[in-house]
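Trainee: Spelled out from the first residue to the last, the chains are:
2 protein chains.
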Amino acid sequence: MLNRRGLLAASGAGALAGAAGTAGAFLLGQGEPASTAAPKAAEPQVVPFHGPHQAGIATPVQDRLHFAAFDVAVSTREELTALLVSWTRAAELMTAGRASSPDDSGEALDLPASRLTLTVGFGTTLFDRAGEDRFGLASLRPPALADLPAFEGEKLDPARGGGDIAVQACADDPQVAVHAIRTLARIGLGRVSVRWSQLGFGKTASTTPAQLTPRNLMGFKDGTDNVSGDDLATLDQHVWVGRGDGPAWMSGGSYLVARRIRMHLEAWDQVSQEDQEATIGRTKVEGAPLGGRGERDPFVPATLPADSHVRLAHPSANGGVRILRRGYSFVDGSDSQGRIDAGLFFLAYQRDPRRQFVPLQRRLAADDRLSTYIRHVGSGLWACPPGVSPGGHWGESLLG
Amino acid sequence: MLNRRGLLAASGAGALAGAAGTAGAFLLGQGEPASTAAPKAAEPQVVPFHGPHQAGIATPVQDRLHFAAFDVAVSTREELTALLVSWTRAAELMTAGRASSPDDSGEALDLPASRLTLTVGFGTTLFDRAGEDRFGLASLRPPALADLPAFEGEKLDPARGGGDIAVQACADDPQVAVHAIRTLARIGLGRVSVRWSQLGFGKTASTTPAQLTPRNLMGFKDGTDNVSGDDLATLDQHVWVGRGDGPAWMSGGSYLVARRIRMHLEAWDQVSQEDQEATIGRTKVEGAPLGGRGERDPFVPATLPADSHVRLAHPSANGGVRILRRGYSFVDGSDSQGRIDAGLFFLAYQRDPRRQFVPLQRRLAADDRLSTYIRHVGSGLWACPPGVSPGGHWGESLLG
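First to last, the sequence lines map onto chains F and V.
Residues 1 to 400 (this note's numbering) make up the first sequence, in order.
Residues 1 to 400 (this note's numbering) make up the second sequence, in order.
For the record, the hints were derived by calculation from the structure and aren't laboratory data.
Heads up, a few of these hints could be off.
FRET-style restraints, in silico, Cβ to Cβ [said to hold, decoys possible]:
1) F:SER272 / V:GLY320: 49 to 59 Å
2) F:GLY291 / V:ASP231: 56 to 66 Å
3) F:ALA150 / V:GLU132: 17 to 27 Å
Here are some chain V residues pointing at chain F (derived, C-beta under 10 Å) [said to hold, decoys possible]:
4) GLU132
5) GLY136
6) PHE151
7) GLU152
8) PRO158
9) ARG160
10) LEU189
11) VAL192
12) SER197
13) GLY202
14) PRO214
15) GLU266
16) GLY333
17) SER334
18) GLY338
Sample of chain F residues lacking proximity to chain V, with all beta carbon distances greater than 12 Å (derived) [unchecked claim]:
19) HIS66
20) VAL74
21) GLU79
22) THR125
23) ALA150
24) ASP173
25) ILE181
26) GLY200
27) LEU232
28) ARG354
29) ASP367
30) PRO390
31) GLU396
Predicted model, so just to flag it, every value in this text is computed and none were measured.
Here a beta-carbon is modelled for each residue, glycine too, at the ideal position from N, C-alpha and C.
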């Protein structure tokens with residue numbers, strides 16, 4: 001297999017015999033990604049890039065996250081398309097564990113693909129920036145890509161919200177995820193700028209619920225009832241945009257809501273375990289619904305405190321609404337009061353935020369006992385197009 | 001083995017049959033850490049806490065870092081001692097993969113010890129805070145714990161420097177490192193406050209140089225010639241404080257210098273690989289000294305550019321001076337210009353900074369071609385006492 005090192009050596013001062021062939025293969029990969037840069041399913045660390053849906057949504061959640069929201073500086077549709085084409089070519093190579101180009105920055109050179117996925121979403125401002133139709137896309141804006149309403153108690157920092165294009169990089173190695181985002185920023189130099197970004201170090205909800213459920217920084221298991229990435233019927237019903245749902249270009253795509261949720265951990269840590277459990281609605285150690293003994297014990301909403309988090313968030317309390325969560329814990333140092341700047345970077349995929357995230361969050365913001373200990377401080381919404389076909393690119397359904 | 005879950009379940013609402021025995025073992029562990037909380041050498045994920053030197057210095061470098069600098073709020077020596085005793089008891093448990101207490105915050109409950117180490121250092125302000133001898137320790141301040149001088153080109157942020165006590169938490173799982181620092185902050189509530197902290201996601205220098213050398217965010221291998229953690233003679237000569245080196249309480253300890261080094265990655269990425277290699281003095285892919293082919297090829301300083309980083313930093317150019325590095329890459333989002341706020345969190349241990357870090361850094365700051373692409377923005381110096389004896393505590397040699 002052509003690896004990252006071979007590609008780079010071919011262009012650098014350390015070029016050795018045989019490098020010419022490697023460079024040739026690289027160029028071939030650039031021109032014919034379908035045949036050469038396509039990931040190899042036999043390699044367990046490679047998540048296939050191409051497919052009907054973007055990778056990084058139903059994909060089993062990787063350990064680490066680097067998320068970036070970009071603003072686009074180019075002004076024509078052709079330039080926007082060219083950007084997405086060059087990004088897609090680099091993504092095909094990097095997700096296959098290869099260097100992004102002969103002058104790759106190199107920090108992931110010795111590392112395997114690490115199940116890297118790159119998932120792209122288009123923000124409201126790409127379609128309508130304060131009334132300006134920058135790329136002639138206004139008529140293609142999906143109704144489901146409606147600006148999120150204000151929620152009770154939130155305190156959003158504009159420096160941690162919005163963005164024309166979001167890229168979610170997930171990998172089992174943080175250096176691989178960081179390398180991928182940095183590489184896209186570098187490719188886009190002068191064409192995009194990073195508006196904000198977020199590192200996540202610990203997944204808090206998995207899409208493989210049969211496996212060990214991870215814990216968030218409050219110490220509780222998070223994601224016990226999350227949508228399973230191999231439950232195709234549930235994905236079709238709640239996650240993937242259907243054919244009749246809006247503009248055709250989003251069919252097979254999904255809507256991403258990101259929320260930076262600060263946890264007041266110093267306050268939480270002063271609460272007794274019993275009160276914590278009543279607030280969440282589950283036991284701390286086992287993650288069992290209160291009154292039960294095991295994490296998978298039957299969930300009987302009426303037996304839980306009316307204002308407990310899992311009772312209010314449960315599909316049974318929300319008309320069956322479900323969302324697919326892929327959140328990560330973050331710690332960004334300390335604030336000016338010496339409190340840990342930490343919490344949950346909530347990432348949720350869904351078919352229509354107007355029917356899923358919005359009513360769910362409205363309810364939680366109003367009634368959830370957990371609200372005392374958290375605050376939403378960043379927010380974003382993006383339309384993630386369907387998967388990329390071999391030879392195609394991230395903008396193919398939207399931009400042609 | 002008693003694990004984290006057993007301890008917590010004993011106190012929570014989910015307590016089951018058998019929990020009483022677990023709780024008893026916990027209490028025993030509190031009172032007699034030597035016999036019960038001592039780590040088990042047979043478990044590869046446990047790094048022994050006790051010993052002549054603190055763990056986390058010569059220990060093979062773990063993958064992840066959470067570093068915190070605390071300021072002490074108590075005013076008496078007795079209170080300071082009590083803090084360090086309670087911290088030590090929790091550290092003994094956590095490094096053994098156990099809960100820190102029955103009301104542990106819980107986010108590491110299901111995780112193994114992950115080779116967690118906790119390493120403590122005492123800052124200059126513990127001995128002399130603007131002329132104030134807060135704890136009667138002024139006469140015990142080692143001459144080697146001299147304030148670092150200003151270096152050319154640095155731009156230090158006071159919000160990322162200093163601190164009465166530093167704690168370095170290293171582990172292979174970031175959640176374990178984060179949990180450990182958070183737990184010490186929680187135990188110290190009202191007695192200490194976090195002054196600043198830093199997460200590191202990728203080790204950049206290993207103390208096992210025979211293994212694969214990691215890469216920093218500039219894409220170059222970093223630490224090829226680092227001090228090996230099992231090279232006892234070199235450790236004694238360059239890392240561990242000797243008996244005649246200063247006050248007796250530091251014998252077997254080491255001095256830690258931390259520097260937050262911002263990398264200007266956007267600028268670096270515009271430089272050709274050839275120029276990058278001339279700046280570093282090594283090839284990018286192999287990490288070979290320029291002119292050589294392999295990473296371990298003979299290092300001939302005269303063949304490298306006079307202002308290249310590795311030539312200037314090499315022991316042969318610095319009177320044989322060596323330091324033990326345990327640095328980590330960091331990415332803390334983006335700055336207000338959209339540039340990645342990333343770089344190297346440099347951690348170096350040594351016998352005497354006045355003869356090691358200070359002259360070395362003075363030279364690099366003045367002449368190193370790499371200086372164009374980096375800036376030192378945070379700094380700290382701490383005296384790390386020798387290892388803790390069973391039943392003792394981190395302050396035992398200093399405070400008795």
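Trainee: Could you tell me which of the hints above the structure violates, numbers in ascending order?
Mentor: Checked against the structure, the hints that fail are numbers 3, 4, 5, 6, 7, 8, 19, 24, 25 and 26, while the rest are satisfied.
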